[in-house]
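Starting from the known structure of chain R, fit chain Z onto it as the hints suggest.
Listed here are the chains, written in short residue letters.
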Amino acid sequence: MTPPPATPIANPEPLSPEQDSKINRDILAVMSKPTLGYWMCLGTALFLMHLAGAIWVYQVYIGLGIGGYTHPLFWGAYIVTFVFWVGIAHAGTLISAILYLFRAKWRNAINRGAEAMTVFAVLTAAQFLGIHVGRMWKSYFILPYPNQRGLWVNFKSPLMWDTFAISTYATISIVFFYIGLIPDLAIARDRAKGWRKFLYTAMALGWQGTSIQWKSHSRSVLHLSGLATPLVLSVHSVVSWDFAASIVPGWHATIFAPYFVAGAIFSGFAMVLTVLIPVRRIYGLEAYITNYHFDNMCRFILLTSIIVSYAYATEYFIAWYSGVEFEKTSFYLRAFGPYWISTWIMIICNGVIPQVFWSKRARTHIPTIFVVATFINIGMWFERYVIIITGLSREYDPAVWGIYIPSFAELGIVAGSFGFFCTLFLIFLKLFPVIAIAEVKELAIHEKAHAGVR
Amino acid sequence: MPSILGIYDQPDPLVDVIKRLKNRGFDNLEVYSPAPFAEIDDAVIEKPSGVRIWTLIGGLVGAFTGFFITIWMSNDWPIMIGGKPMSSIPPYVIISFELTVLFGGLMTLFGFLKVGKLPYGKFGVHDKAYSSRFSSEEFGLVVDCEDRDVAEVDALLRAHAAKEVSLVEA
Numbered sequence: 001m002t003p004p005p006a007t008p009i010a011n012p013e014p015l016s017p018e019q020d021s022k023i024n025r026d027i028l029a030v031m032s033k034p035t036l037g038y039w040m041c042l043g044t045a046l047f048l049m050h051l052a053g054a055i056w057v058y059q060v061y062i063g064l065g066i067g068g069y070t071h072p073l074f075w076g077a078y079i080v081t082f083v084f085w086v087g088i089a090h091a092g093t094l095i096s097a098i099l100y101l102f103r104a105k106w107r108n109a110i111n112r113g114a115e116a117m118t119v120f121a122v123l124t125a126a127q128f129l130g131i132h133v134g135r136m137w138k139s140y141f142i143l144p145y146p147n148q149r150g151l152w153v154n155f156k157s158p159l160m161w162d163t164f165a166i167s168t169y170a171t172i173s174i175v176f177f178y179i180g181l182i183p184d185l186a187i188a189r190d191r192a193k194g195w196r197k198f199l200y201t202a203m204a205l206g207w208q209g210t211s212i213q214w215k216s217h218s219r220s221v222l223h224l225s226g227l228a229t230p231l232v233l234s235v236h237s238v239v240s241w242d243f244a245a246s247i248v249p250g251w252h253a254t255i256f257a258p259y260f261v262a263g264a265i266f267s268g269f270a271m272v273l274t275v276l277i278p279v280r281r282i283y284g285l286e287a288y289i290t291n292y293h294f295d296n297m298c299r300f301i302l303l304t305s306i307i308v309s310y311a312y313a314t315e316y317f318i319a320w321y322s323g324v325e326f327e328k329t330s331f332y333l334r335a336f337g338p339y340w341i342s343t344w345i346m347i348i349c350n351g352v353i354p355q356v357f358w359s360k361r362a363r364t365h366i367p368t369i370f371v372v373a374t375f376i377n378i379g380m381w382f383e384r385y386v387i388i389i390t391g392l393s394r395e396y397d398p399a400v401w402g403i404y405i406p407s408f409a410e411l412g413i414v415a416g417s418f419g420f421f422c423t424l425f426l427i428f429l430k431l432f433p434v435i436a437i438a439e440v441k442e443l444a445i446h447e448k449a450h451a452g453v454r
Numbered sequence: 001m002p003s004i005l006g007i008y009d010q011p012d013p014l015v016d017v018i019k020r021l022k023n024r025g026f027d028n029l030e031v032y033s034p035a036p037f038a039e040i041d042d043a044v045i046e047k048p049s050g051v052r053i054w055t056l057i058g059g060l061v062g063a064f065t066g067f068f069i070t071i072w073m074s075n076d077w078p079i080m081i082g083g084k085p086m087s088s089i090p091p092y093v094i095i096s097f098e099l100t101v102l103f104g105g106l107m108t109l110f111g112f113l114k115v116g117k118l119p120y121g122k123f124g125v126h127d128k129a130y131s132s133r134f135s136s137e138e139f140g141l142v143v144d145c146e147d148r149d150v151a152e153v154d155a156l157l158r159a160h161a162a163k164e165v166s167l168v169e170a
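In order, the protein sequence lines correspond to chains R and Z.
Counting in the numbering used here, the first sequence runs from 1 upward without gaps.
Counting in the numbering used here, the second sequence runs from 1 upward without gaps.
The shape of chain Z in the complex, shown without the other chains:
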């Protein structure tokens, strides 16, 4: 299956061409972007990112852990301190809050790696179409298509202000 690489200078025509390609049924797209552009990412992947569930689970586990360890440990070896109840909630809210953030943050990191499929590829080996131009200021759009569609994709990319279009050898 050949893949075609179009190089763009601007995010706006790129978003347009992605939408056109998706409408035409070319779903196998990959974009290399030098900077975060939400409109491009949302055009390629319509679903919201799955990182949210990781943060949520991390935060909930952290909040529970915070209350659990404080209440359980205070009662496991009961020592009266300052005449306060063994399970005194207000000070434990602080521990619980910190652990909510700690676990939530760490789970966000793991979610980022898992959802973003990082680490990606073999060590030091990039995608065929990737080049240092895409860590400069240009955008790359790779479209996988059938042999018979090459001409159509080529025309679409050029019609949307692609600077260069080339065939990436399979």
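Same shape as in the complex, but just chain R:
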């Protein structure tokens, strides 16, 4: 028997908003018209950013003298903040690349937000390379370009490795972010109107979710994850070698690379939590970012906190065990010298406070997580401050010891970097889906398919 012939239609009926997938509606709702609170946050962020811009213009005109630099300290708050932001950037790639390779499906709800943070944090960090040099208009000298002087850059310098590492990291995280975004841009395109429709149509590249598109997409994400995993480990290692390849007491240590990488992941997860907790609360994404995700992230924080604490202990032990007078003095003065406050803030915020995450209740209690994450952010900024400032201020010869106190200009630019980061993130929030819709849907459809089985 032949079945009845199919009904010919030009196009299948498009969905009305009510029929649309709940996941689409919930997540795209974040991009709806901004509220007054949003504008106030954006305004504050923009104010800080412009304040820093004004200070920076003044600094270009006057010179680095407006900073608190004093002999022998010529690396100050700018480099501290540079390392801080590079560290923040690491969580995104860890979540999107390493957890992808480990097939940790819980990453799906948080990877987009974390990847966006990675991109914005790298962009913020990269600015400090230009901000902290004198005669910034000559900062392009760091690139190996053919020139009339016939000179080339010094590839044996860690600062040169840093240039390559940071620019590669910025490029790869933007590529990763964009490729992941394409399917979601298509979802947004199918539902948008006006200028948004134009923007998403252009950016989605005609994505329709066909097999060839998904197949090359999955394969590219896999390859990029494979490339980004060693990259993320290399970037902060290279940043640590900026210090470790010198002979400054307190810097010249082989533990620096793993120590910095663990610290970067630690601070990155803390920043992801600091950013996502308010977003989840304000935009009602509780169904997507659940206690399960917070539990897992807090476990990561606990693990990396232990690694970082172990590194602190090792540094002190080796300073004593080496028997080198300069190392011993340097570390003694870290804890009991002029910068003792920073050191104890670092140890308490990074080593002691995160230990509350041994308790399951703390790992799922949102206010606790938020407070601990904030302490970690502060602690990790101070960790870099301790490493950089105490190391330089107490080198070999007591005759050239010095004290550095950050000036208001430097602190203004540091605050502005937070403004810059927040500005980008707030714009991202209204422009692109903050949760990877297609990936969340993948899990939802799987669950629907096997609902009867379990």
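Hints are supplied without guarantee of correctness; some may be wrong.
Okay, derived cross-link-like pairs now, DSSO-like style, lysine-lysine, Cα gap no bigger than 27 Å in a straight line [to be verified]:
#, chain 1, residue 1, chain 2, residue 2
1, R, 105, R, 430
2, R, 448, Z, 19
3, R, 105, R, 22
4, Z, 163, R, 448
5, Z, 128, R, 197
6, Z, 19, Z, 163
7, R, 197, Z, 122
8, Z, 47, Z, 114
9, Z, 163, R, 22
10, R, 22, R, 33
11, R, 33, R, 193
12, Z, 117, Z, 19
13, Z, 128, Z, 22
14, R, 197, Z, 117
15, Z, 114, R, 197
16, R, 193, Z, 117
17, R, 448, R, 105
18, R, 193, R, 22
19, Z, 47, R, 105
20, Z, 19, Z, 47
21, Z, 128, R, 22
22, R, 193, Z, 128
23, R, 430, R, 197
24, R, 197, R, 22
25, R, 156, Z, 84
26, R, 138, R, 156
27, R, 193, Z, 122
Rather than coming from a laboratory, the hints here were simulated on the basis of the structure.
Note that the structure is a prediction, hence the values are computed from the model and not measured.
Chain Z in isolation, oriented as in the chain R frame:
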């Protein structure tokens, strides 16, 4: 040549029907999927994705470039630094590694676009059968067939739990 569109809720029956259709010789299939499902993509396109060769070439070119520029530039204007040899490999491994990742990653992007045939179509114009339902939670399967096979394809799609079957006007 008419094409028939079946709409599905679940990936599993869709994979079954794709395999059946392929066995029956209907090779001209297109699936619209809201999320990545490797089993569907592998059923439609059996060959592994060609992105791999792009990444490989990018990575190899990057690794070579890294060593080439460092060694050549150090010797082009020889300046002794820290008593190290002109072509000192350990620090150059770092540059070479970063360029491996950089070139590999960029070539992956280009490979993704080339292999995935993106950008696809004219600006803002979709396939006839495509609709926003397939960026919601439904799957679409489009089968191109001869006039005389319409009834058979129709029956196959319905037998595998298609929610709706319709004829897309050519």
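Checked hints:
1. For the hint linking residue 105 of chain R to residue 430 of chain R, the alpha-carbon distance of about 26 Å falls within 27 Å, and the restraint holds.
2. Only pairs whose Cα atoms come within 27 Å are accepted, and residue 448 of chain R paired with residue 19 of chain Z is accepted, the gap being roughly 22 Å.
3. Using a Cα cut-off of 27 Å, the hinted pair residue 105 of chain R and residue 22 of chain R holds, with the two alpha carbons roughly 20 Å apart.
4. The hinted pair formed by residue 163 of chain Z and residue 448 of chain R meets the criterion: a straight-line CA distance of about 16 Å does not exceed 27 Å.
5. At most 27 Å may separate the alpha-carbon atoms for a hinted pair to count; residue 128 of chain Z and residue 197 of chain R meet this at roughly 19 Å.
6. This hinted pair checks out: residue 19 of chain Z and residue 163 of chain Z have alpha carbons roughly 18 Å apart, not beyond 27 Å.
7. Between residue 197 of chain R and residue 122 of chain Z the alpha-carbon distance is near 15 Å, which keeps this suggested pair within the 27 Å criterion.
8. Between residue 47 of chain Z and residue 114 of chain Z the CA atoms are separated by roughly 16 Å; this keeps the pair inside 27 Å, and the hint holds.
9. Under the criterion of a C-alpha separation no larger than 27 Å, the hint pairing residue 163 of chain Z with residue 22 of chain R is consistent with the structure, at around 19 Å.
10. For the hint linking residue 22 of chain R to residue 33 of chain R, the alpha-carbon distance of about 19 Å falls within 27 Å, and the restraint holds.
11. A distance of roughly 13 Å separates the Cα atoms of residue 33 of chain R and residue 193 of chain R; the hinted pair therefore holds under the 27 Å criterion.
12. For a cut-off of 27 Å, the pair hint linking residue 117 of chain Z to residue 19 of chain Z stands: about 24 Å separates their Cα positions.
13. Our distance criterion of 27 Å between C-alpha atoms is met by residue 128 of chain Z and residue 22 of chain Z, whose separation comes to about 22 Å.
14. Between residue 197 of chain R and residue 117 of chain Z the CA atoms are separated by roughly 22 Å; this keeps the pair inside 27 Å, and the hint holds.
15. The straight-line distance between the Cα atoms of residue 114 of chain Z and residue 197 of chain R is roughly 24 Å, inside the 27 Å bound, and the hint therefore holds.
16. The hinted pair formed by residue 193 of chain R and residue 117 of chain Z meets the criterion: a straight-line CA distance of about 26 Å does not exceed 27 Å.
17. Distance hint between residue 448 of chain R and residue 105 of chain R is fulfilled; the C-alpha atoms sit about 16 Å from each other, no more than 27 Å.
18. Taken as a hint, the residue 193 of chain R and residue 22 of chain R pair is honoured in the structure, with Cα atoms around 19 Å apart against an allowance of 27 Å.
19. Under the criterion of a C-alpha separation no larger than 27 Å, the hint pairing residue 47 of chain Z with residue 105 of chain R is consistent with the structure, at around 26 Å.
20. Using a Cα cut-off of 27 Å, the hinted pair residue 19 of chain Z and residue 47 of chain Z holds, with the two alpha carbons roughly 15 Å apart.
21. In summary, the hint linking residue 128 of chain Z to residue 22 of chain R is supported, as the alpha carbons are separated by about 25 Å, within the 27 Å threshold.
22. Restraint check for residue 193 of chain R and residue 128 of chain Z: satisfied, since their Cα atoms lie roughly 20 Å apart, inside the 27 Å limit.
23. The hinted pair formed by residue 430 of chain R and residue 197 of chain R meets the criterion: a straight-line CA distance of about 14 Å does not exceed 27 Å.
24. Under the criterion of a C-alpha separation no larger than 27 Å, the hint pairing residue 197 of chain R with residue 22 of chain R is consistent with the structure, at around 20 Å.
25. For the hint pairing residue 156 of chain R with residue 84 of chain Z, the CA-to-CA distance comes to about 9 Å; that is within 27 Å, so the pair holds.
26. Among the hinted pairs, residue 138 of chain R with residue 156 of chain R is consistent with the structure: their alpha-carbon atoms are about 20 Å apart, no more than 27 Å.
27. As the CA atoms of residue 193 of chain R and residue 122 of chain Z are separated by approximately 18 Å, the hinted pair is consistent with the 27 Å bound.
In this structure, every one of the numbered hints holds.
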